[in-house]
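Chemist: Protein sequence lines correspond, in order, to chains C and P. Residues in the first sequence are numbered from 117 upward in steps of one, following this note's numbering. Residues in the second sequence are numbered from 820 upward in steps of one, following this note's numbering.
Heads up, none of these hints are tricks.
Cβ pair distances, simulated, as ranges:
1) P:G1259 x C:Q242: 29 to 37 Å
2) C:D208 x P:E1059: 46 to 54 Å
3) P:P1209 x C:A221: 33 to 41 Å
4) P:P1209 x C:A287: 45 to 53 Å
5) P:D1038 x C:D194: 55 to 63 Å
6) C:V264 x P:G1259: 30 to 38 Å
7) P:E946 x C:S126: 40 to 48 Å
Read the hints as simulated data drawn from the structure, not as lab findings. Even for Gly, the Cβ is constructed at its ideal location relative to N, Cα and C.
Each chain, letter by letter, is given below.
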Amino acid sequence: MDGPVNPAGSIVETEDDPTPIVLILATTLRRAEQTPKLAAMMQKAKGNVTLRSTVDPQAATVRFQRGRVRVERGVAADTHVTIATDINRMADDDAPKPRVSGALAHLRLALTISKVLEPPLGTWQQEAARFWAGAADHSGMPAGVRVVCLDDGTELILGAEATEFEIHGTAHRLTAVFTGGSVFGEDVLNGKLYAVGSLQHLAEITGRSLAFMMGR
Amino acid sequence: MADLDAARVPAWLDEHDIRWVKTESSSLDGLVVGKHIGRAKFAKTLPLGNAITELVLGYDLGGTPYLAWWDDWRADALGDIHQRPDLTTLVVAPDRPRTANVICDFVTANDEPLPSCSRGVLRTVLEQLAARGFAAKAAFEIEAMLFTDSLATARRRHFRGLTPMSTDVAIGYLHHNSRQQLAYIDDVLLRLEALGIPVEGWHDEAAPAQFEINVDPADPLTACDHVVRAKQVMREVAMEQGHVVTFMAKPSAEYGNGLHVHHSLTRDGEPVFYAPDGRMSETTSHWIGGLMAHAAAATSFLCPMINSYRRMVGFAAVPTVASWGEDNKSAALRVLSIEPKAARVENRVAGGDANPYLVLAATLASGIAGLDAEAPLPAPLAVSGWGLPPQGYPHLPNSITRAADTLEADTGLAAVLGADFVRYWINTRRWEWLMFHTTGGDPTAETVTEWELDRYFELT
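Looking at chain C on its own, in the form it has when it is part of the complex:
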């Protein structure tokens, strides 16, 4: 598992010693930053938004101010918009709808956060390739991975043709895991994804999945 990184050149920064939810939110916002229209929205936004878990104490506040974005732990007293959601099920097909408060009084801020927390995604193949580009060189990873989409049987080979590991799942679940929306090992344990290969590779891919989720 890797330590935190605040990449240079991003308008998104985290608190010192960030919590997982802070890192996950910051990673999502940095992904949104890659889309010029969303980056412009973030730079223009002003105000504070809190994302709060409905199932545990996890919470983080996003502060938009003077063209920059800062993510901190906890529910800020001066927050304008609060989103309460089951953060463990955000990537599920049947995820419960988040409860939003403060949106009517801060419409523009609410619109901005709704857009930037759901940056545009590529196809599962594009996202898988992007994940692989950042993970393949990590020690212990399989040389090649065969990914199979259970919706239509399409396949993608990541890395070496002689694959050592297979991942099977629906396009939705594959996209979620390769974009950091879910954790690989957890998805396998919960039957949302399937894996064929060694525990070593399962663990290493899970580690990369966590790292990807938290922007490391």
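Got chain C sorted already, so can you dock chain P onto it with the hints?
Modeler: Leaving out everything else, chain P in the frame of chain C:
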């Protein structure tokens, strides 16, 4: 305790009418794990020892397998490792008939040391110390808190609102409190004596329910073995008497539990730290310079849990700044150099939740790294180590993640401890952080959380 080779074990088992052998190894988190092996099987498996699942080194205190990294020593689809008995620790169990206890190292099926065996890590550090011509001795101070409630009651209450076996007032050394704890302590001391663990003394300590047992100095491996066994005895006697004891670093807002460790060095039989005229030798200077240089990184081992860092607050008898001073108990390192037979360094950082093998391994490895690098000695702390400003004083890391990050950056300490082990350890600490945040821990709580009590009170 026995001093045997494998060939003489059957005779020893016969002589003591032993039917079962309890194997005792320490996980990285300091859990004592092992099996009860029948006499014949135990003798047959020597010298390699019995097989045990590698998962004993592969899950966290909540029972969740570490599933986010792997190490070369692990089998592709889970396998066995072995508990290699250290036959010098074979002893008749004082609490069960026809039973012996033995402390074991974790090794591979090929009898190779495992980088993630904490006792093995200390062994490799001691070998490096010996290669430089030094021998060490160590002595631990074991702090614990004893409550009148049973373990079942404590669990039901999630370890909150328990009744201390003492007054509620935070005053140490009260015989009023010691008298209340006497029935418990007497049983503990008798059992320790039977196990061959010499105790210097014990006393009531500062927090309600708290007491301290001081174990005699011994060679480092034995000193750690004594702590592991003593803590287990303290747990078992508490259970048998219908009470509960904890070594958790900070179970309440009161003073926390520490695991102070004293160490001394000799070379050619002469005490290295002895400085009768107050002039420290060059060796001592580099040694303590190393302890100072690596103090922040070593904190990861000395304060291994989320809860460990709640203990690290000023004016609570816990150092918060990397510092040393002659007989200064507010410094991280209390140096005592005046008496030749008692010249030593006391490291006061470790919490009661730390694995003693790793506490001592990290401490001695820091000194070795200091010798090798001829580390300069910073100025001693001649003032109180508490209440110091953030600038100008090297504060110790104040969270499990900061400590892990600092350790990751400290290649000098990893070079002595072993890079594979340090990498594995850092992964486990970041995992602990992840579990706290994602399984119900509240990072904004200013007091000890239920998550911490449920995870650490009983098991650390």
